[in-house]
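Asker: Each chain, letter by letter, is given below.
There are 2 protein chains.
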Amino acid sequence: MPMHLITGGAGFVGVNLARRLLASGERIVVVDDLSRGQRAFLREFDRSPLFSFVQLDCADAEAFINGIRSLDAGSIDEIWHLAANSDIPGGVADPSVDLNRTFMTTFATLVLMRDLAIPVLHFASSSAVYGDLKDAAISELSGPPEPISNYGAMKLASEAQIRAAVESFLKRANIFRFPNVIGLPATHGVLLDLVRKARRTPSGFDVLGDGTQQKIYLHVDDLVDAMLRIRERAAGGYNVFNIGPADEGVTVREIAEAVRDRVAPRATIRFGTGDRGWVGDVPRFRYDIGKLASLGWRPTMDSKAAIKRAVEQVAAQESGT
Amino acid sequence: MPMHLITGGAGFVGVNLARRLLASGERIVVVDDLSRGQRAFLREFDRSPLFSFVQLDCADAEAFINGIRSLDAGSIDEIWHLAANSDIPGGVADPSVDLNRTFMTTFATLVLMRDLAIPVLHFASSSAVYGDLKDAAISELSGPPEPISNYGAMKLASEAQIRAAVESFLKRANIFRFPNVIGLPATHGVLLDLVRKARRTPSGFDVLGDGTQQKIYLHVDDLVDAMLRIRERAAGGYNVFNIGPADEGVTVREIAEAVRDRVAPRATIRFGTGDRGWVGDVPRFRYDIGKLASLGWRPTMDSKAAIKRAVEQVAAQESGT
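Sequences listed follow chains D and L, in order. To convert a position in the first sequence, counted from 1, into this note's numbering, add 876. To convert a position in the second sequence, counted from 1, into this note's numbering, add 876.
For reference, chain D alone in the conformation it holds in the complex (with noise of 0.2 Å):
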């Protein structure tokens, strides 16, 4: 069976893919520094033979090879990196933290794909890449993509080069263009954010803009479906896919209700102003997903019963329950 190298594979969708590839009897180490993925959440895959887990800063290429040459597990055959910064407002604040944790990873795992001779590297992208763009909706051609936030600005930076380590010495890419994505274990973002505040004071939370930004969502299960879908069939040498539903999105708005809803339903929603969260922010967009749909996927979910599941997921999470 393959062997598989996960990237912050202790964060949020890093634990989602492990479990589905050890579900699937395939070998894989877990690489994370921990400063935001957690240890606890690969504490299931513990008694499998076929984990092992290393802590490090993949962005230190050194620490990087030695502690895999280290770890002596046989040849790796395919990277699933994931590790890269995700607080977007604080990449905006501090512009090393998205060199640091998106692009510099990014760089040191091509020198030890290099070094190492590892020929297959899934990336997990982003929309961010795209921008502003005024397209009724995005595909893959859109563009020229024109990041607005250095978390957008260092993802496409990421896909710029492993595009040409394709040309040099890399055999195989595929990159995730990833949505809003929500599910279990809930590590950031606004659902989170909002479950949390509505919990602190049932009597009330604010909502950070007026509301009326709107976002597409997918549920973690779908994307990690859709990222093996693609390792499966994708036939190019570089293949690019955005990932995520096809419709319009929902807005803070409905996202705050279902929230209040769920976990307090005597709360009044506080809304802000200015239809932007922060600077870099898309207010709204549409995915065409034409091109995974010719790979025969579709998400089992909408962006609406992504978050209606999601919400009950983080809300059962948050209450420990």
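Read the hints as simulated data drawn from the structure, not as lab findings. Hints may be right or wrong, so weigh each one.
All copies of an identical chain are treated as equivalent in the list; a pair is satisfied when it fits inside any one copy or across any two copies.
DSS-like, lysine-lysine: derived pairs with alpha carbons at most 30 Å apart [unchecked claim]:
hint, residue 1, residue 2
1, LYS1167, LYS1010
2, LYS1010, LYS1047
3, LYS1047, LYS1180
4, LYS1180, LYS1073
Assemble the complex: chain D is given as a structure, and chain L must be docked to it using the hints.
Answerer: Structure of chain L alone, referenced to chain D:
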């Protein structure tokens, strides 16, 4: 008059830009680490009260800021960011070259601009960001860009950073996508290589590839003219412009023959094999320069005329006349 800072200003393009700005009575600070640029190229400006030079590596954000602060030249209005790796095959062999010289110099330049509230950036990008597109003529909207060299990847990655900075704190950025540029002082590139080979062994010299590689060339006089035109007339906050001739370019064979005719008329030209000189080399493309033409600019020399003039100039440079 405005105060300009030119990174990499002791290099080929920088020297030509500095000369034009000084001739217009504008003040300039040249920053260069002299790793490839030469202090001697700037000697002609040393008597000008409008000119200053600081030797430092602008990939080092702290050294960069301290160097500019200690200069006490007054506030800087515009930066022309030209510092970059210019050795494409070198960047394929060692990815840290384009990382440090191209990408990190851009990162540090943006840190400087934010800290010192410098509002306007001009950036020397490259046709290499497009990769090997099959379009008949490449416009700024062609793509999506898929660079096939680290050189092109780090140029695109730099553009992405700059785009995000415009959203956050920069007032204006002009992105110049250069083609191959030739003229004086010649410091690198196929034309200089061939002139040197022909001078060394006038009986015959080797050419990389089969000679059918065809590229477009712009004379540096036209290039600087276009950069200043864009600076003056481009209207938006973030402007991307192809700069080049609109023709189909000239082949390596034609360049080799022009060099032979001027430098070593009895030389035998020995061609190699393959239509690419190295990994990441794009064999052939044409530019659509309609966007730049709409600002009223046209090159005075097409590729053939630019090569003819530059062969004459470079041959004279190398013979010391």
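Asker: Run every hint past the structure and note whether it holds.
Answerer: Status of each hint after checking the structure:
no. : hint              : in the structure
1   : LYS1167 / LYS1010 : both (20 Å within a copy, 20 Å between copies)
2   : LYS1010 / LYS1047 : between (34 Å within a copy, 22 Å between copies)
3   : LYS1047 / LYS1180 : neither (38 Å within a copy, 38 Å between copies)
4   : LYS1180 / LYS1073 : within (21 Å within a copy, 67 Å between copies)
Hint violations for this structure: number 3 only, all remaining hints satisfied.
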